[in-house]
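Engineer: Residue numbers (our numbering), protein chains in the order written: chain A, 11 to 262; chain B, 20 to 308; chain C, 64 to 342.
No lab work stands behind these hints: they were computed from the structure. These numbers were taken from a predicted model, which means no experiment stands behind them. Mixed in with the good hints, there may be bad ones.
What the hints assert, rightly or not - If the Cβ cut is set under 8 Å, some of the chain C residues that face chain A in the computed set are:
# : residue
1 : Trp-184
2 : Asp-240
3 : Leu-245
4 : Arg-336
Said to hold, decoys possible - 20 Å max Cα-Cα, derived SDA-like pairs, lysine to any residue:
#  : chain 1 : residue 1 : chain 2 : residue 2
5  : C       : Lys-255   : A       : Thr-105
6  : C       : Lys-255   : A       : Asp-80
7  : C       : Lys-255   : A       : Leu-115
8  : C       : Lys-255   : A       : Tyr-144
9  : A       : Lys-146   : C       : Val-234
10 : C       : Lys-255   : A       : Ala-143
11 : C       : Lys-255   : A       : Arg-117
12 : A       : Lys-146   : C       : Gly-317
13 : C       : Lys-255   : A       : Pro-89
14 : A       : Lys-146   : C       : Met-290
15 : C       : Lys-255   : A       : Asp-120
16 : A       : Lys-146   : A       : Glu-97
17 : A       : Lys-146   : C       : Ala-314
18 : A       : Lys-38    : A       : Gly-81
19 : A       : Lys-146   : C       : Trp-184
20 : C       : Lys-255   : A       : Glu-108
21 : C       : Lys-255   : A       : Arg-185
22 : C       : Lys-255   : A       : Ser-153
23 : C       : Lys-255   : A       : Gly-81
24 : A       : Lys-146   : C       : Ala-260
25 : C       : Lys-255   : A       : Gly-125
26 : A       : Lys-146   : C       : Pro-183
27 : A       : Lys-146   : C       : Ala-334
28 : A       : Lys-146   : C       : Arg-336
29 : A       : Lys-146   : C       : Arg-333
Quick reminder that beta carbons are idealized off the backbone N, C-alpha and C, glycines included.
What follows is the residue order along each chain.
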Amino acid sequence: MTAPAPRLEAVDVGYTYPGATPTQALEKIGLQVHDNEFVALLGPVGCGKTTLLRIFAGFLEPTTGSVRCDGATVDGPSPQRGYVLQEDAIFPWMTVRENVEFGLLARGIDPAARGAVGGELIELIGLSRFEDAYPKELSAGMSKMVEVARVLATDPAILLLDEPFGALDAQTRARMQDELARLWERRRKTVLFVTHDAEEALYLADRMLVLSPRPGRVKADFRVDLPRPRSLETRFSPAFSALKRRIWETLS
Amino acid sequence: MRRVPTQRFVLGFASLAAMVLAYTVLSNAHLFRPEVVPPTQEIAVAFTELVVGARPPPVTEGDMHAGHHGHSSAHVGTLLQQGVTLQDSLAITAARVLFGLAAGVPLGVLLGVLMGWSRRADDYLHPLYVLLRSVPPLALITYVMLWLGHGEAHRLIPIVYAVAATMVIPAYHGVRDVLVTYVVAARSLGARRWLLVRKVLLPAAGPALLAGLRYAVAIAWMTAVGAEMLMSENGMGNLIVGGGLWASRTQTKADPAVVIVGIVTLAAAGWAMDALARSATARLTRWVR
Amino acid sequence: MPPKKDNFFSGPGIRTRTARALLSVGALAVVYGIASEIGRGRLPDRIWLGTHYVENVQLLPPYPSLAEETTFLLESGILTSSIAVSAGRVLLGLLLGGAFGILLGIATGRATRAEYLADPWVTFFRFTPALALLPLFVLWFGYGEGSKVLLIATSVAVVTILGAHQGVRSVPRVYLDAAAALGASPGLAFRKIVLPAALPHIFASLRIGLGLAWVTIVVAELIDARMPSLGYLLTLAGAYPRVPTMVVGIATIGALVLAFDLLALWVHARATRWMRRTA
Ligand SMILES: Nc1ncnc2c1ncn2[C@@H]1O[C@H](COP(=O)(O)OP(=O)(O)O)[C@@H](O)[C@H]1O
Ligand SMILES: [Mg+2]
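Hey, can you work out the whole structure from these sequences and the hints?
Structural biologist: Here's what the structure looks like:
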């Protein structure tokens with residue numbers, strides 16, 4: 011039995027930002043994400059998580075090494091790899107519905123089919139009441155969910171999420187994590203999820219990679235064998251605490 | 020990285036040169052009458068004549084229309100007879116612009132700061148400001164002249180007024196936005212009023228004010244030249260229209276060569292003043308930050 | 064309702080503010096009325112204008128004489144036709160100059176080459192007082208409508224080029240990246256991302272251009288005064304001089320500028336309903 015090719019793969023990826031004082035953000039990163047796997051990438055602020063994700067998304071070319079998607083070298087962005095930016099990138103001049111349907115519009119799908127997919131996703135994230143609202147009426151958490159839904163609408167095989175809940179309060183963040191977990195149970199995808207929150211990574215992921223401070227390198231690789239679907243119980247289970255302890259030990 | 024400014028310079032220069040060349044070819048091709056589209060060399064001659072100024076013997080009727088004495092048009096002739104030179108006209112207009120800025124900027128900033136600082140003052144003064152601002156400054160020129168007579172005041176007041184009206188808005192928004200965002204924080208830290216003004220208000224409102232100032236400089240030039248075109252015996256506006264517009268109320272019989280010389284000079288002067296304002300901005304914002 | 068403290072952070076309500084606005088405008092009107100009554104017979108009515116005296120000048124015409132003048136100007140149709148002509152020129156110039164400026168500004172915002180090519184010319188026209196072009200335009204395009212409309216178009220184009228350029232340049236990178244990640248073609252990204260994001264800048268520059276257009280037209284009509292037009296009205300009023308006509312003319316121009324500006328603000332607000340407003 012041969013192992014299937016990984017969906018995403020980075021081989022010895024290094025990246026240095028050019029400029030008057032070049033910054034080396036990444037150094038010799040190697041990692042693999044397999045089909046339908048939820049991998050969390052954990053690391054301190056400024057260690058190069060966003061840089062790595064932008065390389066996977068096709069916005070940056072690695073200075074050294076290479077990244078591959080389904081065995082082919084990544085060159086440029088593709089809706090095949092849905093990318094949710096760390097910054098707020100919801101289009102403020104479009105309604106929730108227009109935002110969610112944008113990727114379908116880009117594909118030239120006709121309005122009726124767009125409407126069907128859009129409506130379903132908006133309902134899935136629980137924002138039916140807001141579908142004609144402009145983003146200024148949404149809370150930060152709701153906006154981020156719209157961005158996730160916008161990416162899901164094009165049905166990408168791979169999701170790249172960059173600290174989607176980084177700016178939220180603990181309570182909202184927990185709710186959004188549940189929401190994302192639920193979405194993922196419904197529509198299995200290959201996910202690479204960037205975060206600086208160990209608990210968030212544990213709660214969501216099948217596997218967890220810990221990056222070192224800049225320049226980022228993979229410092230540890232954990233399997234998260236917590237049963238699914240996860241719930242409040244999971245957060246307080248002994249297994250969860252034990253994993254958390256191990257992570258903190260690697261970090262310090 | 021070093022290639023970008025070079026490309027900018029080369030392309031910009033090429034675009035200028037191409038336009039001048041095209042104009043030269045077109046104006047020399049006998050497609051238009053030279054009194055309408057003066058050839059480039061004629062413009063250059065008009066420029067020298069206006070800079071050198073004095074033309075030795077008093078101009079006779081015959082001389083004025085003879086083409087072989089360089090670029091002699093009635094327009095240039097009249098100007099030279101009156102002893103007008105390009106540099107003098109520019110200096111006079113620049114002086115008016117500077118006066119307008121010196122008087123108008125403090126006035127406008129004061130009003131803007133007052134309205135930005137106090138909600139009550141804003142409520143009372145803003146409607147009056149909006150009404151006043153709606154009147155184009157130069158529309159007032161004849162009315163002001165009736166009040167203050169035919170002197171310098173009626174040319175200066177529209178400039179001061181235009182500059183002040185322009186400066187109110189950046190001052191107002193600068194102060195208001197700063198108040199709303201920072202002052203609550205600073206006040207809760209126990210900062211005193213004067214400290215607040217010096218350390219918070221000024222640095223934060225500074226960039227908006229300086230940006231407004233650059234805009235006001237352009238407005239001041241526009242208004243000054245307009246006022247001079249309407250009624251003045253000197254300055255760049257007078258040079259361009261050949262004077263006496265107000266007095267005779269005839270339509271302009273301007274020499275396009277003089278107009279082009281005037282426009283290019285004004286553009287250069289405006290650009291120079293803006294460059295100055297820009298470098299001052301850079302310096303001041305560095306100090307402010 | 065509990066009484067609110069009168070400062071910026073918990074200001075008085077809209078009714079108080081409206082009352083204050085009415086109070087100050089009303090006060091100005093009353094002060095003018097009183098001043099004109101006091102001034103009647105006391106202000107000089109014979110004025111030296113450098114070359115000659117003018118007689119029978121009412122420096123502060125009282126309300127009845129203003130009302131009489133307005134009625135006359137309206138009934139004779141002078142005022143209405145002047146408004147129509149001047150406003151028509153402004154609108155046409157705004158349309159032409161705005162369209163040209165926005166297109167060029169978008170081009171220079173998108174293509175660096177275009178920017179470098181256009182740069183010296185934009186700089187040149189930016190610092191040329193548009194009015195100085197009038198004698199040239201009159202020579203080239205005649206005394207008719209053409210030169211006036213073109214002059215307005217020039218002054219509007221200069222600011223809208225800058226507005227559109229800045230608008231296109233300041234589209235946040237994240238929106239373009241997000242659109243590209245979703246598979247948007249450059250054309251779609253331009254229509255759905257660049258244009259809406261640049262719209263606030265473009266509108267702001269159009270508003271400035273509108274203000275400039277009125278300044279330009281009034282002076283252009285003062286200099287080349289013909290046909291019914293507001294500038295012509297002011298020139299006539301200045302020639303007699305008839306101050307009531309002057310005051311009515313100035314007030315009409317002010318009211319038109321204000322009306323156009325409010326209209327522009329309203330359109331802007333409608334077109335950018337999505338924007339977060341800070342109170
Ligand atoms: N555009 C850029 N130019 C130069 N340096 C950058 C740029 N973006 C990020 N960096 C630097 O690269 C490092 C990694 O950045 P980033 O990938 O954003 O980190 P993270 O997402 O983990 O917080 C940081 O030290 C940052 O300062
Ligand atoms: Mg990051």
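Engineer: Does each hint hold? Answer for all of them.
Structural biologist: The hints, checked one at a time:
no.	hint	result
1	Trp-184	violated, 32 Å
2	Asp-240	holds, 6 Å
3	Leu-245	holds, 4 Å
4	Arg-336	holds, 7 Å
5	Lys-255(C) x Thr-105(A)	holds, 12 Å
6	Lys-255(C) x Asp-80(A)	violated, 31 Å
7	Lys-255(C) x Leu-115(A)	holds, 10 Å
8	Lys-255(C) x Tyr-144(A)	holds, 15 Å
9	Lys-146(A) x Val-234(C)	holds, 18 Å
10	Lys-255(C) x Ala-143(A)	holds, 17 Å
11	Lys-255(C) x Arg-117(A)	holds, 14 Å
12	Lys-146(A) x Gly-317(C)	violated, 36 Å
13	Lys-255(C) x Pro-89(A)	holds, 17 Å
14	Lys-146(A) x Met-290(C)	violated, 51 Å
15	Lys-255(C) x Asp-120(A)	holds, 17 Å
16	Lys-146(A) x Glu-97(A)	holds, 15 Å
17	Lys-146(A) x Ala-314(C)	violated, 40 Å
18	Lys-38(A) x Gly-81(A)	holds, 19 Å
19	Lys-146(A) x Trp-184(C)	violated, 40 Å
20	Lys-255(C) x Glu-108(A)	holds, 10 Å
21	Lys-255(C) x Arg-185(A)	violated, 32 Å
22	Lys-255(C) x Ser-153(A)	holds, 19 Å
23	Lys-255(C) x Gly-81(A)	violated, 33 Å
24	Lys-146(A) x Ala-260(C)	holds, 15 Å
25	Lys-255(C) x Gly-125(A)	holds, 18 Å
26	Lys-146(A) x Pro-183(C)	violated, 40 Å
27	Lys-146(A) x Ala-334(C)	holds, 15 Å
28	Lys-146(A) x Arg-336(C)	holds, 10 Å
29	Lys-146(A) x Arg-333(C)	holds, 15 Å
Comparing the model with each earlier hint shows violations of hints 1, 6, 12, 14, 17, 19, 21, 23, 26; every other hint is respected.
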